[in-house]
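So the protein lines, in turn, are chains A and B. Under this note's numbering, the first residue of the first sequence is numbered 1, with each subsequent residue one higher. Under this note's numbering, the first residue of the second sequence is numbered 1001, with each subsequent residue one higher.
I should point out that these hints are in silico values taken from the structure, not numbers from a laboratory. Any given hint could turn out to be false.
Unchecked claim - Pairs of lysine-lysine, DSS-like flavour, derived with a Cα cap of 27 Å:
| no. | chain 1 | residue 1 | chain 2 | residue 2 |
| --- | --- | --- | --- | --- |
| 1 | B | LYS1004 | A | LYS204 |
| 2 | B | LYS1043 | A | LYS204 |
| 3 | A | LYS274 | A | LYS293 |
| 4 | A | LYS228 | A | LYS127 |
| 5 | B | LYS1220 | B | LYS1193 |
| 6 | B | LYS1230 | B | LYS1193 |
| 7 | A | LYS227 | A | LYS192 |
| 8 | A | LYS192 | B | LYS1230 |
| 9 | A | LYS4 | A | LYS42 |
| 10 | A | LYS204 | B | LYS1044 |
| 11 | A | LYS192 | B | LYS1187 |
| 12 | A | LYS227 | A | LYS274 |
| 13 | A | LYS204 | A | LYS192 |
| 14 | B | LYS1193 | B | LYS1004 |
| 15 | B | LYS1193 | A | LYS204 |
| 16 | B | LYS1043 | B | LYS1187 |
| 17 | A | LYS274 | A | LYS127 |
| 18 | A | LYS4 | A | LYS127 |
Given the structure is predicted, the values throughout are model-derived calculations rather than measurements.
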Amino acid sequence: MAEKVLMKGNEAIGEAAVIAGCRYYFGYPITPQSELIEYMAKRLPQVNGVFLQAESEVAAINMVYGAAGAGARVMTSSSSPGVSLKQEGISYIAAGELPCVIVNIMRGGPGLGGIQPGQADYFQATKGGGHGDYHCIVVAPNSVQEMAELTVLAFNLADQYRNPVMLLGDGALGQMMEPVDFHNLPVIPVEKPWATTGMGERDKPNIIDTLRLNPEALEAVNDALQKKYALLQEQEVRWEETFTEDAELVLVAYGISSRVAYSAMEMARAQGYKVGLFRPITLWPFPKAALLKAVDKAAAVLTIELSAGQMVEDVSLAIRCSRPVHFYGRTGGMMMSPQDVYQQIVEIFETKGGK
Amino acid sequence: MAEKLFARPQSLLDVSTHYCPGCQHGIIHRLVAEVIDELGIQKKTIGVVPVGCSVLADQYFNIDSQQAAHGRAPAVATGIKRVHPENVVFTYQGDGDIAAIGMAEVVHAAARGEKITTIFVNNAIYGMTGGQMAPTTLVNQVTATSPYGRQLAVAGSPIRLSELLATLDGAKYIARVSVNDPANMTKAKKAIKTAFEVQIRGEGFALVEVLATCPTNWGKTPVEAKTWLKENMLPQFPLGVYKNIEEVKQ
């Protein structure tokens, strides 16, 4: 493969999954992620993998449950309404502690919504989505290159922690083309002695179940899950920050919004406004401590999202409500421009009295 | 030295089950386990158990297994079988599981010709949740959610799943059997064995529908239940082989 290839974000996820050792994909078409299912349909047979178009998102995620339980590196992908359908299976996968990668290329909602980019599945992705106390690890790329890198990371983390990992993108990232380098993506293989492979030489069966009729046993399962989540919050938090050291205003944005916010920050800096940008890369676990540190010099925070302000809650909690958190967002599949965000920045500075 | 003529199948663990008195899941478990033993596939078989009365079957079979969400067993089995095509994968499902919430999954697994075996236990009622109406509940049958009897005008007629699935090309063996008496149990075991052999030969989807009793939720003694099955279920759900690729070949 050439040093860098020009690729759509959706396709980059597919190729990175193949590099990560994913040989099983179960999915169902939906815009704006269909290039990914199409890529897997073409690519997996070339590497002796299995591509299967399921009859529904519900079936697809349960095929993932079966394949993950059987020890495979397996992926599914969808967009917002389809991911809602997958929530049943994701809860079971989290309960069964099965590793898999779920891609959500978000579009505007609620309901059928539209097919333009959105980020309004933040709550669903980071707070559970299905029933019960569980978390997916949620990674949020902001470039085609990162879609590749975080896909490989997602498979590694899934296996390491026996946990579903959601790659949360959006229609803009999925559809945009950028050069991507597939070299040096570290793949970490993990043994799976717990998988259902047929007993073979084992004396005892491997069983993957999620029913605990004894309340004490179920509480023990929940305690163990929470212990794992605490470990994740300690060890697997990822973020990026720019010009936060002296920032009087810290922008917080992830995914495609962070690209817009970056441009707005550059415009503001050029005008002498001390603005920084904090970008969570893991949305769960959320980089709470890092954000608190990043706002040290800041008088206020501005959160920018393609939603009605879902990440605002995590931002406010992370900084312990110590500063005002402003919000600017668009919904419906509308994209804000850097000028829009710049305007918000200027307004905040003017309200609190100058640069 | 005495010769042992009858013993617990190796594929069935020596544990007490939670099933109600007179329930026939125990018999059907045993038939499946005997078939697995006779085919010598215990070490390569992976079971998928459903939501419903047999949700704990993975605690009774001595094989690797996964527990599926309500109705999703054929999708879970598909995922397993695609990863391990050399293994034998079967689902064990009740009527609510397979013919209501999981209808899409079983229809499409059959249509794909998924190389799995499905044991479908039809007792015309939801057992585990306390005796509510199932898709297989007979017209005028009283259940917790059809207290005046299943009304045709409101709830439609029972679904004959075997006949329905037999229309699909990917389904290679579809049979309906019953375990209401010893003669039928023998036939049931033969059908279950055939359904596993169809998978082992890599031919496609195989399903055995097993008519069984639910004395607790039918409000009958075990003996009355067997009579009720014979008199009411057999006319609605005729026994027989609905699809057999071997016969088609001949």
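The hints, checked one at a time:
1. B:LYS1004 / A:LYS204: Holds, at roughly 25 Å.
2. B:LYS1043 / A:LYS204: Within the cut-off at roughly 10 Å; holds.
3. A:LYS274 / A:LYS293: Measuring from Cα to Cα gives roughly 16 Å; hence the hint holds.
4. A:LYS228 / A:LYS127: Holds, at roughly 16 Å.
5. B:LYS1220 / B:LYS1193: Cα-Cα ~31 Å, so violated.
6. B:LYS1230 / B:LYS1193: holds (23 Å)
7. A:LYS227 / A:LYS192: Holds - the C-alpha atoms of LYS192 of chain A and LYS227 of chain A are around 20 Å apart, at most 27 Å.
8. A:LYS192 / B:LYS1230: violated (48 Å)
9. A:LYS4 / A:LYS42: holds (21 Å)
10. A:LYS204 / B:LYS1044: Cα-Cα ~13 Å, so holds.
11. A:LYS192 / B:LYS1187: With Cα atoms ~40 Å apart, LYS192 of chain A and LYS1187 of chain B exceed 27 Å; violated.
12. A:LYS227 / A:LYS274: Roughly 40 Å separates the two Cα atoms, so the pair is violated.
13. A:LYS204 / A:LYS192: holds (15 Å)
14. B:LYS1193 / B:LYS1004: holds (23 Å)
15. B:LYS1193 / A:LYS204: Within the cut-off at roughly 24 Å; holds.
16. B:LYS1043 / B:LYS1187: holds (25 Å)
17. A:LYS274 / A:LYS127: Violated. LYS274 of chain A to LYS127 of chain A sits at ~33 Å, over the 27 Å cutoff.
18. A:LYS4 / A:LYS127: Outside the cut-off at roughly 36 Å; violated.
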